[in-house]
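Going down the list, the sequences are from chains H and V.
If you read the first sequence in my numbering, its first letter stands for residue 1, the second for the next number, and so on.
If you read the second sequence in my numbering, its first letter stands for residue 1001, the second for the next number, and so on.
To be clear, the hints were calculated from the coordinates, so they are not data collected in a lab.
As the structure is a prediction and not an experimental result, all values here were calculated from the model.
Fair warning: there could be bad hints in the mix.
In silico lysine to any residue, SDA-like type, Cα no more than 20 Å apart, as pairs [claimed, not checked]:
id	chain 1	residue 1	chain 2	residue 2
1	H	LYS2	V	PRO1064
2	H	LYS42	V	HIS1088
3	H	LYS262	H	GLU236
4	H	LYS2	V	ASN1065
5	V	LYS1010	V	ALA1212
6	V	LYS1010	V	GLY1020
7	H	LYS3	V	PRO1070
8	V	LYS1184	V	LEU1157
9	H	LYS3	V	PRO1064
10	H	LYS2	V	GLU1066
11	H	LYS262	H	VAL223
12	H	LYS107	H	GLU71
13	H	LYS75	H	ALA43
14	H	LYS3	V	ILE1069
15	V	LYS1121	V	LYS1184
16	H	LYS42	V	MET1058
17	H	LYS3	V	ASN1061
18	H	LYS3	V	ARG1060
19	V	LYS1184	V	GLY1099
20	H	LYS42	H	LEU67
21	H	LYS42	V	TYR1090
22	H	LYS3	V	ASN1065
23	H	LYS73	H	ASN164
Here is what each chain is made of, one letter per residue.
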Amino acid sequence: MKKIAYLTCFLAIVCAVAGGALTLVNDMTAPIIDSMAIEAEKANLELIYPGAEFSEIENTDDSGLILGIYEAKDKGYVYKLQNTGYSSTPYQFLIAFNLDGTVGGYKMLQSSETNGFGARAWEDEYTNTILGLTSSDAFPLLSGATVTTTGVVEAIDAAKAHFNALQGIEYDENAVAEAPALATGNPVALNSDLSAYNAIIDNETQDGDNTKYTITVYGFGLVNGQSSEYQENVFEVVIDANATVDSIIMTQFGDTAGIGDKIDTAEYYDLFKGATIDSSIDTVTGATFTSTSAIAAAQAALNAAAGQ
Amino acid sequence: MSKNKSSFSKGLITENPVFGLYLGICSTLAISTSLNNALGMGVAVIFVLTFSNIIISMMRNIIPNEIRIPVYIVIIATLVTIVEMLIHAYAPSLYTALGAFISLIVVNCIILGRAEAFASKNGVLASAMDGISMGIGYTLSLVVISLIRQILGTGILSLANPFTDATIFSFTIIPETYIISMFKDPTGAFLTFACCAAALTAYVNSKKKKEASK
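Please build the complete structure, drawing on both the sequences and the hints.
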């Protein structure tokens, strides 16, 4: 018994001395290590709150979307966020909330998203939308950059949850940004290169002055090389005597149900009415590829009509 | 003193911990991709090995035999954690490059091996010498493997100051077309290690033969 007590005490003393030594070294190095972490991030944080005094606060997020949380003294909080969009390389960006809850800044740090599509999540149009919101608002998606902005909003939601809990702000975390019945934007010119959609005219019938073209065109899956899971989309495009689009309808749908078929509305097809080869037509938010396939079909019909 | 001297030189060649005793190979293979890593890891191991040998040698008469291994581990782990915090604070790029292998010095068998086999039975000075010589032996092995791997794998021999990241020197030795990128991978590490270990064994054997024939 005495022996065990002696051994225990001996080991305890050794551990206590070791702990003391570690505390000493930790007190010496911890401030340097902390300031280095801030220093590495400071150039980015300065983009949002120039000249502010930054300190890193504990990241309690378990979603993996928040990489770091920094307090800018008397100004607000900056969240470094990460998520994956279309590219397999994740993008990183900063969002800052001022102390009153308004968005204080929104900056991309790194992104491999496609130019003209996902990369628009960091261009003026979307940035200005974000900058006008507060931490209790639902953040909207961007037409033509749906996959990317879905990830952006998901990451911002994680930041919002943390910020609102910190500041005691109550909000509806399940709110979804109200999208118009058919959100369109990101227009595509009818004379742009849409050869990737491989529009092929299957049939052509004359009806008075109008010509009706049946056109098979690649949609989301085929443009992206996933031929096993997707089929072509087929459109009927009617071109009138003035070489403008009279009407367009979809007769076969080969893309993702519930996503691409959003375009299948009279409201969207009306956008094509009167279009010439020099017109541009909006794409549908969340159905960019399918709506572009409709534009490619209209382009093929207009070109065929002009060729006559 | 001659005993100290011989215990110093044996760690470098005949009892070289890596090529002779095959100790601490895991970290050797993993971090020997560049001269910078090799020297950084080497210095960390020399520090831990020397101080753990000194402390254990000083305490050798009071440490109860039953709990000597736990006590060694506490001492070694404390020293390693101190080294880790210092590297993190003052040489952050080295800290990033070495990653988990700094903490893994705790379980590097060279250190516990020397504590048990040497420091617990010998005086402070001899133990310090043993620590320094084994540490330098380990560092030399790392440097040899990393030189071969860095030159064959990248064609460039370079060294940077770990505290400022400023390049001290950088030579292109092999044009990019002729580099063998396999040497950057674990395969290259194993090949290099095997050749070096075989060379050392051959040297030690021929020396023994010569002595026997005398």
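Hint-by-hint comparison with the structure:
1. H/LYS2 to V/PRO1064: With Cα atoms ~13 Å apart, H/LYS2 and V/PRO1064 stay inside 20 Å; holds.
2. H/LYS42 to V/HIS1088: OK: H/LYS42 and V/HIS1088 at ~19 Å, within 20 Å.
3. H/LYS262 to H/GLU236: 17 Å, holds
4. H/LYS2 to V/ASN1065: 15 Å, holds
5. V/LYS1010 to V/ALA1212: Satisfied, since the Cα-Cα distance of roughly 19 Å is no more than 20 Å.
6. V/LYS1010 to V/GLY1020: This hinted pair holds, its Cα atoms lying about 10 Å apart.
7. H/LYS3 to V/PRO1070: 16 Å, holds
8. V/LYS1184 to V/LEU1157: Given pair V/LYS1184, V/LEU1157 holds - Cα atoms ~13 Å apart, limit 20 Å.
9. H/LYS3 to V/PRO1064: Judged against 20 Å, a Cα distance of about 10 Å means the pair holds.
10. H/LYS2 to V/GLU1066: 14 Å, holds
11. H/LYS262 to H/VAL223: Within the cut-off at roughly 18 Å; holds.
12. H/LYS107 to H/GLU71: 16 Å, holds
13. H/LYS75 to H/ALA43: 17 Å, holds
14. H/LYS3 to V/ILE1069: Judged against 20 Å, a Cα distance of about 17 Å means the pair holds.
15. V/LYS1121 to V/LYS1184: The given pair, whose Cα atoms are some 41 Å apart, is violated under the 20 Å limit.
16. H/LYS42 to V/MET1058: 47 Å, violated
17. H/LYS3 to V/ASN1061: The given pair, whose Cα atoms are some 17 Å apart, holds under the 20 Å limit.
18. H/LYS3 to V/ARG1060: 18 Å, holds
19. V/LYS1184 to V/GLY1099: 17 Å, holds
20. H/LYS42 to H/LEU67: 14 Å, holds
21. H/LYS42 to V/TYR1090: The given pair, whose Cα atoms are some 19 Å apart, holds under the 20 Å limit.
22. H/LYS3 to V/ASN1065: 12 Å, holds
23. H/LYS73 to H/ASN164: 17 Å, holds
Of the hints listed earlier, those the structure fails to meet are numbers 15 and 16, in rising order.
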